[in-house]
Amino acid sequence: MAGSADLHEPGFALHVEDLTVRYGSSIALWDIDLDVPPGRLVAIVGPNGSGKSTLLKSVMGLLRPVAGHIRIFGEPISRARSRVAYVHQRAEVDWDFPATVLEVVTMGLYRRIGWLRPVRKAHRQAALEALAEVGMEAFATRQIGQLSGGQQQRVFIARALIQQADLVLLDEPLAGVDAVSEDIILSLLRSLRDRGKSVVVVHHDLSTVRRRFDWMVLLNRRLIAQGEMRDVYTPANLKAAYGGQMAVFDAADADDPARSGRVGGQV
Amino acid sequence: MPMLVDLLGSQIVRTVMLGAALVGAVSGMVGVFAVLRRQSLLSDTISHAALPGVCLGFLLAGERDLTTIMLVALLTAMAAALSVLAIGRLTPLKTDAQLGIVLSVYFAVGVVLLSHIQAQGGGARAGITTFLFGQAAALSAQDLWVLGGVFAVATLFFVVLWKEIKLATFDPIAAAALGLPVRALELGLTVLLALTIVAGIQLVGVVLMVAVLIAPAVAARQWIGNLGAMTILAMGIGGLVGAGGALLSATGRGLATGPIVVLLASAVVLVSILAAPRRGVVWQALSAQLQRWRISGDRVLLAMDRLAAAHHDPDYPSEKGMLDTMLGRPLPGVMRRLEGQGLVRPVVHDPESSPHWVLTPAGRRRAEALRRTGHGPD
Numbered sequence: 001m002a003g004s005a006d007l008h009e010p011g012f013a014l015h016v017e018d019l020t021v022r023y024g025s026s027i028a029l030w031d032i033d034l035d036v037p038p039g040r041l042v043a044i045v046g047p048n049g050s051g052k053s054t055l056l057k058s059v060m061g062l063l064r065p066v067a068g069h070i071r072i073f074g075e076p077i078s079r080a081r082s083r084v085a086y087v088h089q090r091a092e093v094d095w096d097f098p099a100t101v102l103e104v105v106t107m108g109l110y111r112r113i114g115w116l117r118p119v120r121k122a123h124r125q126a127a128l129e130a131l132a133e134v135g136m137e138a139f140a141t142r143q144i145g146q147l148s149g150g151q152q153q154r155v156f157i158a159r160a161l162i163q164q165a166d167l168v169l170l171d172e173p174l175a176g177v178d179a180v181s182e183d184i185i186l187s188l189l190r191s192l193r194d195r196g197k198s199v200v201v202v203h204h205d206l207s208t209v210r211r212r213f214d215w216m217v218l219l220n221r222r223l224i225a226q227g228e229m230r231d232v233y234t235p236a237n238l239k240a241a242y243g244g245q246m247a248v249f250d251a252a253d254a255d256d257p258a259r260s261g262r263v264g265g266q267v
Numbered sequence: 001m002p003m004l005v006d007l008l009g010s011q012i013v014r015t016v017m018l019g020a021a022l023v024g025a026v027s028g029m030v031g032v033f034a035v036l037r038r039q040s041l042l043s044d045t046i047s048h049a050a051l052p053g054v055c056l057g058f059l060l061a062g063e064r065d066l067t068t069i070m071l072v073a074l075l076t077a078m079a080a081a082l083s084v085l086a087i088g089r090l091t092p093l094k095t096d097a098q099l100g101i102v103l104s105v106y107f108a109v110g111v112v113l114l115s116h117i118q119a120q121g122g123g124a125r126a127g128i129t130t131f132l133f134g135q136a137a138a139l140s141a142q143d144l145w146v147l148g149g150v151f152a153v154a155t156l157f158f159v160v161l162w163k164e165i166k167l168a169t170f171d172p173i174a175a176a177a178l179g180l181p182v183r184a185l186e187l188g189l190t191v192l193l194a195l196t197i198v199a200g201i202q203l204v205g206v207v208l209m210v211a212v213l214i215a216p217a218v219a220a221r222q223w224i225g226n227l228g229a230m231t232i233l234a235m236g237i238g239g240l241v242g243a244g245g246a247l248l249s250a251t252g253r254g255l256a257t258g259p260i261v262v263l264l265a266s267a268v269v270l271v272s273i274l275a276a277p278r279r280g281v282v283w284q285a286l287s288a289q290l291q292r293w294r295i296s297g298d299r300v301l302l303a304m305d306r307l308a309a310a311h312h313d314p315d316y317p318s319e320k321g322m323l324d325t326m327l328g329r330p331l332p333g334v335m336r337r338l339e340g341q342g343l344v345r346p347v348v349h350d351p352e353s354s355p356h357w358v359l360t361p362a363g364r365r366r367a368e369a370l371r372r373t374g375h376g377p378d
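Sequence lines, in order, name chains A and B.
At position 195 of the first sequence (counting the first as 1) the number is 195 in our numbering, and the numbers step up by one without a gap.
At position 31 of the second sequence (counting the first as 1) the number is 31 in our numbering, and the numbers step up by one without a gap.
The shape of chain A in the complex, shown without the other chains (with noise of 0.2 Å):
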């Protein structure tokens, strides 16, 4: 039914436009218009509270903007669940529930499964199959409860990969993981992006995202700017973004301008 007539902006993963925000009366995103193109590794990036994982909400259909739109590969939100997956904080949910890690990814597929039918061995297989990508296989029977922070998280995004979705949004993933789980988490991203996926990660770590990301969004509540890491990591960016609070360091980028004096950068 979705002919391409009824297709908006389809060369985007993600296009947002126009897009506001309010919760009460304070506005969490004001007028945001954005374009990821398919096949990047992108952070969005911002200080606390600027409308980070607001955004991924907005974009996931579970706020409801008071204006704007928002479309994914030209479909709103409503027709394309099958095409993105989202991994929200895991501090959003009660680790203590009763349930195994493998019962955990196999919910990723229950709406393709859909009502009344029962979770079969098919749809197992394909969870442990996810669960061996972020290197948590031998896990499958745990309680989800006994799982460090950095395991949780690869459970989440395990859940995520079995929908095998073409736009993966991820809030937060690295924030109080271990560094095992940080490298593996990192290079399945690179590899999802290495296929052709689109990956948009909020990230809360200015002094890592130049490595590691290859487009960046930048966020205040309003957008600062967006676009390839060369081009959009400037000092002037990074000021606009964050004012004189910055306190970032890279010791990798010598040139970094986060920590050359430029930005009025106090740490």
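The set of hints was computed from the structure by calculation and includes no laboratory data.
Glycine residues also receive a C-beta, built at the ideal position from the N, C-alpha and C atoms.
All clues given are correct.
Simulated restraints, written as ranges between beta carbons of each label pair:
1. GLU137(A) - GLY100(B): 43 to 51 Å
2. THR141(A) - GLY188(B): 24 to 32 Å
3. GLN125(A) - GLY188(B): 26 to 34 Å
4. VAL160(B) - ALA132(A): 31 to 39 Å
5. GLY100(B) - SER148(A): 31 to 39 Å
Chain A is already provided as a structure; the job is to place chain B on it using the hints.
Coordinates of chain B only, in the frame set by chain A:
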């Protein structure tokens, strides 16, 4: 004992026990989700808010007609749930304050109505107070059909929507992101919660109904880490304490059923919290103690290993006072435990009379592994 057997033979007692078992089982089933969705206090509010409905239903029917009473009670119970929602939307009040306000206002209205009905006098009217603390003996055979109907509706609801409810309970954000109708599922669960409460108050009473919902789920969670099995166990616990409480209250004259059921359920919870493997208090304390023993045992082995190295004698007998000084007094039982594991061996070191130990070959191996890796080989 003969009295109990007589009681079991009575048709009335069997009716009452079956009704109480049905109420307990359905409460266990629905309560699992109330607990996991952190709605214990909402359940208590809904239950207290059923009282004005009970009284209005009584006034409407003019007698103690369970169907009418339940329908009107369901209405006021749902109205209370919606009131909580509305206060949350319209005011900055936190959840506990929202629940406290709604619970007390609805319950106050209920008590006013109750006093009004009682003031009118009449034998049947006095029976209305049993809805406060429950009276299983008041249950009739027709009432069983109503309770059975509620049980059937709840079972059907969970069987048909099982995996969707599971996801919406564990992770409503992911459920919504997948496109599941989370709001509708939550509404369904809340209506079912109210229906279960309303079905249970004749037996348990509005004041204590929440315990019958919560206790079986809490107890079951202690033993089981699988949602389906936990639900079935909660149903079993609920059914048993319901039937048991009804039987006990039938033996004593005028003994309210609610408190007895709640005491039975609380006993099950207490045992579960204490004795369950892994999550139980006893288990946790034991494993913490084992851990302490292991750590201090490892420190003893390392200290003996260092003493042996310092004296260039792998069989150097370490004296108790020396180990105590190095380690700041090992926990009692540590040396005996190490002996039991074959890691150290007591020796006599003439002419001293104080206790001495040497490392066994196994003890030396473990000490060496500890030195290399910082933790034991196991």
